[in-house]
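Given the coordinates of chain A, work out where chain B should sit on it, guided by the hints.
2 protein chains.
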Amino acid sequence: MEEATGVVKHVLLVKFKDDVSPEKIDELTVEWANLVDVIEPMKDFHWGTDVSFENKAEGFTHLFVSTFESTEGVTEYFYHPAHKEFGKKALPCLEKFIVFDYKPTIVKQ
Amino acid sequence: MEEATGVVKHVLLVKFKDDVSPEKIDELTVEWANLVDVIEPMKDFHWGTDVSFENKAEGFTHLFVSTFESTEGVTEYFYHPAHKEFGKKALPCLEKFIVFDYKPTIVKQ
Numbered sequence: 001m002e003e004a005t006g007v008v009k010h011v012l013l014v015k016f017k018d019d020v021s022p023e024k025i026d027e028l029t030v031e032w033a034n035l036v037d038v039i040e041p042m043k044d045f046h047w048g049t050d051v052s053f054e055n056k057a058e059g060f061t062h063l064f065v066s067t068f069e070s071t072e073g074v075t076e077y078f079y080h081p082a083h084k085e086f087g088k089k090a091l092p093c094l095e096k097f098i099v100f101d102y103k104p105t106i107v108k109q
Numbered sequence: 001m002e003e004a005t006g007v008v009k010h011v012l013l014v015k016f017k018d019d020v021s022p023e024k025i026d027e028l029t030v031e032w033a034n035l036v037d038v039i040e041p042m043k044d045f046h047w048g049t050d051v052s053f054e055n056k057a058e059g060f061t062h063l064f065v066s067t068f069e070s071t072e073g074v075t076e077y078f079y080h081p082a083h084k085e086f087g088k089k090a091l092p093c094l095e096k097f098i099v100f101d102y103k104p105t106i107v108k109q
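Residue numbers (the UniProt record's numbering), protein chains in the order written: chain A, 1 to 109; chain B, 1 to 109.
Just chain A, same shape as in the assembly:
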């Protein structure tokens, strides 16, 4: 089993607090996406809501994925003032979240 690429996917699974409006979630999502233009190692951003019929999402409703060239890039992003500023707005809106960084790996037969 071999690593496919050197990129790192930075995944957040999120459950927002009940009193956070859909408009506020949209606003935060746009602001988060805009960090791609500000934080050099952040290469891509996408997101989605859970559409699974299995009901095994443990209450998490949103998933956000950004892409970096390396784990060092994620660290740079994490400590970047623009990310810290965003975090100050976003964190109080979260009931719970999981952060999972991984290097996408394809199984070689």
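Identical chains share a label here; the pair holds if one copy fits it or two copies do between them.
Computed cross-link-like contacts, BS3-like style, restricted to lysine-lysine with a CA-CA straight-line distance of at most 27 Å:
1) 24 with 56
2) 43 with 88
3) 88 with 24
4) 56 with 43
5) 15 with 56
6) 24 with 84
7) 96 with 15
8) 24 with 108
9) 17 with 96
10) 56 with 103
11) 56 with 84
12) 103 with 15
13) 17 with 103
14) 17 with 89
If you are wondering where the hints come from, they were derived from the structure by calculation, not from laboratory data.
Leaving out everything else, chain B in the frame of chain A:
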């Protein structure tokens, strides 16, 4: 904010039981990846282990992502005999897991 593609990403976050060996995890991962050849709507499979320094993964150590053309495709996969057979082997190895399906969406400025 507009949907980017029609595909559905089927994400599993997993923590294996402590007594499950790395070799067993490799074996299960290969078997899981091989379902791409057996279950028509399953288009892609990749995985990775957590490399985040944030320590916010809530004990989850592995992430597995497969891609489908639609939510109906995920349902077909879920009920496919080959997936059920795989599940019988994999589920007893899991301490906990989260299933999250989403349609990757890109923020339009």
